Amino acid sequence: MNSKKAKYLSENMERIARRDRVFLNNPVIMQGMGLAPLVVAATNGMNALMLSVAVLFLLTPTRVVAAMICRTGRGQLRALVYCFTSSILYIGVYFALRAIFDVEILQLGVYLPMLVVEPLIIKRYERPQPERVMTALRKGLRTTMGYVLVLLLMGCLREILAAGTLFGAHIPRLNTTLLPMASLPAGGFILLGVVCAIWRGLVRAYKKHVHTEARRGE
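The number in our numbering is simply the position in the sequence shown, starting from 1, with 97 added.
Hints were generated in silico from the structure; no laboratory data involved. The structure presented is a predicted model; accordingly, all values stated were derived computationally and were not measured. Do not rely on the hints blindly, as some may be mistaken.
[What the hints assert, rightly or not] With beta-carbon atoms standing in for the labels, derived distance ranges: (1) R313 <-> E111: 19 to 25 angstroms; (2) R116 <-> P269: 38 to 44 angstroms; (3) L271 <-> F120: 25 to 31 angstroms; (4) A294 <-> A193: 32 to 38 angstroms; (5) R195 <-> I268: 27 to 33 angstroms; (6) A193 <-> K305: 41 to 47 angstroms; (7) N272 <-> P210: 37 to 43 angstroms; (8) A196 <-> L234: 21 to 27 angstroms; (9) E111 <-> R270: 42 to 48 angstroms; (10) E111 <-> G298: 15 to 21 angstroms; (11) V214 <-> R312: 44 to 50 angstroms; (12) V214 <-> S100: 44 to 50 angstroms; (13) K305 <-> F192: 46 to 52 angstroms; (14) R168 <-> K305: 38 to 44 angstroms.
[What the hints assert, rightly or not] Result set (DSS-like, lysine-lysine): computed pairs, CA atoms no more than 25 angstroms apart in a straight line: (15) K236 <-> K304; (16) K101 <-> K304; (17) K104 <-> K304.
From the three backbone atoms N, C-alpha and C, an ideal C-beta is built for every residue, glycine too.
Generate coordinates for the entire structure from the input sequences, incorporating the hints supplied.
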């Protein structure tokens, strides 16, 4: 990392971190959002993939459509607008998932329709100022990528630890289950705690490295 880049990153780290919803300010790791589907339903790679597709189809479109409606309506009704928009879009999302994954989506149980009122999707209405459509699109996509990354990471890790497989395929040279309880909600919470601790440690190490490089270049 050259000194100019390090200095720029160091001086603007807080602003950059606020915008980065994938690594530096991941909504799950840093804010604890979206935990219910993550620890209960994402017990394997396939479930995590189905949830990821649902979030991909639901989160950003909900935010964009709600932003368009809220700019022409009363601010006091934003909560209803976001929930209603998410509910309407969920109908199409459900049939899309049914066409892609068939009856396997039943494995997600109630946690698939619960995405409609997931704070990760509807939390934006709490802010008093209306959101521009393009801003909603950019932030929605970044938040989606951050959540999908953690979903797939957790789902794959839990399947490997609990069953010794990945998307149903046996992993060579792995002849035993390392952590059977990883498939349970309690195991999901424990594993998520470990992932959060490591992730946050990496974020702190990255920020420290940037500040150190910036000071060296002065």
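Assess, step by step, whether the Cα of K236 is no farther than 25 angstroms from the Cα of K304, and give holds or violated. Distance ~22 angstroms between K236 and K304 Cα, so the pair holds.
Starting from the range 27 to 33 angstroms, see whether the pair R195 and I268 falls in it by beta-carbon distance. Holds, since R195 and I268 (Cβ atoms, about 30 angstroms apart) stay within the stated range.
Quick one: are E111 and R270 within 42 to 48 angstroms, going by C-beta? Because 45 angstroms falls inside the window, the suggested range holds.
That 19 to 25 angstroms hint for R313 and E111 (C-beta), does it hold up? holds (21 angstroms)
Is it true that A193 and K305 lie within 41 to 47 angstroms of each other by Cβ? Taking Cβ atoms as reference, A193 and K305 lie about 43 angstroms apart, which means the hint holds.
Assessment of proposed distance window 32 to 38 angstroms (beta carbons of A294, A193): holds (36 angstroms)
Keeping to a limit of 25 angstroms between CA atoms, is the pair of K101 and K304 held or broken? Holds, because 15 angstroms separates the two Cα atoms, which is no more than 25 angstroms.
Taking 44 to 50 angstroms as the stated bounds, is the beta-carbon spacing between V214 and S100 within them? holds (48 angstroms)
Satisfaction of hint between K304 and K104, Cα-Cα up to 25 angstroms: holds (12 angstroms)
Holds or violated: 15 to 21 angstroms for the Cβ distance of E111 and G298? Distance hint for E111, G298 holds at roughly 19 angstroms.
Could one say that the CB atoms of N272 and P210 fall in the range 37 to 43 angstroms? holds (38 angstroms)
A196 versus L234 beta-carbon gap, inside 21 to 27 angstroms or not: holds (25 angstroms)
Comparing the model with each numbered hint stated earlier shows that all of them hold.
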